[in-house]
Amino acid sequence: MAEEIQKKLQKELEVFNGFQKEYHKAVALKQQLDSQLNENKVVKEELQLLKKDSEVYKLIGPVLVKQELEDARQNVAKRMEYITKEMKRTDDHISALENKQEASQENLNKLKNDLGKIKLKA
Amino acid sequence: MATVSTAPAPGMHQIDLSKLNLHQLGQLKQQLDQELNVCQDSLQTLKMAQGKFVESGECVEKISPESLGKTILVPLTGSMYVPGSITDTTNVLIDIGTGYYAQKDIDGAKDYFKRKVQFVTEQMEKIQVIGIEKSRVRDAICKMIEMKMQVMAQAQQAAS
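Residue numbers (the numbering used here), protein chains in the order written: chain A, 1 to 122; chain B, 1 to 160.
No lab work stands behind these hints, which were simulated from the structure alone.
Honestly, I wouldn't trust all of these hints.
[Unchecked claim] Cross-link-like lysine-lysine pairs, in silico, PhoX-like; alpha carbons within 25 angstroms at most:
(1) Lys126(B) with Lys41(A)
(2) Lys66(A) with Lys110(B)
(3) Lys110(B) with Lys58(A)
(4) Lys30(A) with Lys126(B)
(5) Lys41(A) with Lys110(B)
(6) Lys51(A) with Lys110(B)
(7) Lys52(A) with Lys114(B)
(8) Lys143(B) with Lys29(B)
(9) Lys126(B) with Lys44(A)
(10) Lys58(A) with Lys126(B)
(11) Lys114(B) with Lys41(A)
(12) Lys47(B) with Lys114(B)
(13) Lys41(A) with Lys52(B)
(14) Lys47(B) with Lys41(A)
(15) Lys110(B) with Lys44(A)
(16) Lys78(A) with Lys88(A)
(17) Lys47(B) with Lys51(A)
(18) Lys44(A) with Lys148(B)
(19) Lys44(A) with Lys52(B)
(20) Lys52(A) with Lys110(B)
(21) Lys58(A) with Lys114(B)
(22) Lys47(B) with Lys44(A)
Since this is a predicted model, take the numbers as computed values, not measurements.
Full structure from sequences and hints, please.
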């Protein structure tokens, strides 16, 4: 009986660790997206400040390619939209993982309790 | 470049330090130490960014109409240079982030770097305020830990 619970505990612990790893990954991703969004915000503001006839270049690989100011503005806006969507997805993912982690933790505690009781009896 | 808000997070509530036990205080101190480290790192990074903007601003100051046609050495790699000459002293290209470069005149460039330096300085000030606040809380926790230790030691002496 005790061995069975021990096995279950081991399994649950693995599941819990898996969730935790995934959670840390998701948080790191969110931070990365956040900094990208901030950088894009700064660029957008800067593009907004430029005069109509200013020349704008985009770095593609090692070359600078000339781009219309209007195009650049639209591209940045699109990019921001995409990042915001990604952020929302990651946020949902994070909260889902939080719930899973909590459930797993509860399971773990229960199993630990059970094991403790059996050991006391023995 | 992250913007920092100084507003306290909603849902933050005050905890009476004297009601926590030693273990909890230790955990809290550890957490604050971590947060303080993050603050220090951010400050360091911002300082570097600020330095770069200041340096770029100074470079722009050095470009004047008299530099037209002057020869310069252009770095192709970190250790190889080829001669070149300045053909345009009125416009410069500025990296504004995410791979975009904008052409600006000298005054515009000066203004750009001035604004950037100001922005970074503002962020640094905000982080400094947060850091001071955090180290204040950390000090309070350290004092509380010391007090509890003393009380415990006294209790032990009285018991023996």
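Hint check against the structure, violated hint numbers in rising order:
Violated hints (numbers, rising): 10, 17 and 18; every other hint is consistent with the structure.
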